[in-house]
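K.L.:
The primary structure of each chain is shown beneath.
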Amino acid sequence: MSEKIIGYIENGIVVDHIPQGEVWKLARILGFDSKGEGRVSLGDGYASQKIDKKGILKVEGASLSEYQLNLIALIAENASVSIVENGVVVDKKKIEIPKLMKIVYCNNQNCISNDAHEKLDPKVNYKGDGIFLCDYCKRIFGKKDLKFVGID
Amino acid sequence: MNFKGRDVISIEDFSLDEIEHILNVTKEVEMYPEKFKNEMAGKIMSPLFFENSTRTSSSFQAAMLQMGGRVLDFDIATSSVNKGETLRDTVKIIEGYNPDFVIIRHKRDGSAKFVADLLDVPVMNAGDGQNQHPTQTLLDLYTIKELRGSLDGTKIVLAGDLKYGRTVHSLALALSKYPRCEMVFISPDSLRMPKYILNELSKKGVSFQEKGLEELELSIRSFPIIYMTRIQRERFPESLEGEQEYEVISKVYRLSLEMLKNVNHELKIMHPLPKVGEIEESVDETNFAHYFQQAKNGLYIRKALLILLAGGKDE
Ligand SMILES: [Zn+2]
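Which chain is which? The protein sequence lines are A and B, in order.
Counting in the numbering used here, the first sequence runs from 6 upward without gaps.
Counting in the numbering used here, the second sequence runs from 12 upward without gaps.
Read the hints as simulated data drawn from the structure, not as lab findings.
Glycine included, each C-beta is placed from N, C-alpha and C at the ideal position.
What you were told as hints is all true, and nothing was included just to trick you.
Label pairs and their calculated CB-CB ranges:
id	chain 1	residue 1	chain 2	residue 2	range
1	B	15	A	96	47 to 53 Å
2	B	131	A	57	50 to 56 Å
3	A	72	B	104	32 to 38 Å
4	B	53	A	134	48 to 54 Å
5	A	122	B	108	22 to 28 Å
6	A	82	B	15	40 to 46 Å
7	A	122	B	190	43 to 49 Å
8	A	97	B	26	39 to 45 Å
9	B	23	A	122	23 to 29 Å
The calculated BS3-like cross-link candidates involving lysine-lysine, where the alpha carbons are at most 27 Å apart (straight line), are:
id	chain 1	residue 1	chain 2	residue 2
10	A	143	B	118
11	A	149	A	55
12	A	143	B	215
Kindly generate the complete structure, drawing on both the sequences and the hints.
P.N.:
Written as structure tokens, this is what we have:
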């Protein structure tokens, strides 16, 4: 159904059931913004059976890396991700928030992992229920405080 | 129970049974120091104090020396750390000296965990930023246990800078492992206990109340222990308003001899030291004051931990 809401995709990806308001951010962190390649279609505020209101992101000519799938899971845990070839869905990707990740920063500014001089990889655990825990300083933070490595 | 080779990064790394075992060994160390005077023979401790804390550093060194061990004298102030060496590199160099224990104090939260991950030898956290100071917490628990006989059902007032004061954070969390504890938190509104600590306490079923500084006097009439911490000037803005706010607070937040006239004779006053005026000097001489004993207990706790990490006293 969603294929009819916004632009048609011949070969590329479709991310559906993104929580309302998050689609723009998702496009940005996935690199599908003005700087990126491929034709991007975004839509937000559509009625959804699965969630309250949803956004949709379609990108012609794109594929998704493991890293990007993890980023999608972090922003939109319940999103569905489809791979489209010749106008038909050929694959549905399962997404899951990784248990331990180096792709988000600890949100505690005084944490050793945020020390510019030491240059450590962050180590953040996902504890479920939108709760993240830094492996170094043990500080707990929520989804709204996520900052992404290489992006923010 | 196995302590050999373990790191001491956070009080949260220890179960209630393990904490009780540490406290029991500490009691033994306090009562029979002779028994352990050669316990650290042939062993070397390397203290890495990136932040000045003579008190804690001396306590660790005394613990080692009194048990026949040696201490590597590594002066951070004159080392290449000041020339921009990374913590990782400094630690790698220290590793080359083959110490049996590394003690670290550093201004960054999580630095002790980072160092422990880099090293195979036991690492003890002597304070990482605002985060943890587990030997302080253990000595606080030990002192409370000495004063009351048990940690179950501890009723305690925690007062002062509850926002940035890591000793009160880890003490509250450690006590929450014990059943039926009750706490009163007294602080200026701008320095209240952080939400994430309160949430943790609620989850563990601790009953607590938050109060303003003006309730200090009333609270010590109904609670048997008060744990005071200092409020530092630097927590307030550098402006004139900040100056005034701090002045008002310093006046209100002051435990005087006068206030102690109406309290139960069994009231115990604790403080992690140093204090900066929140307890009137004349109080030091009374039977209410237990902070100097508390500081002394730090030596026994650190001895007990060194013994346990070296593989002694395992059960
Ligand atoms: Zn952290």
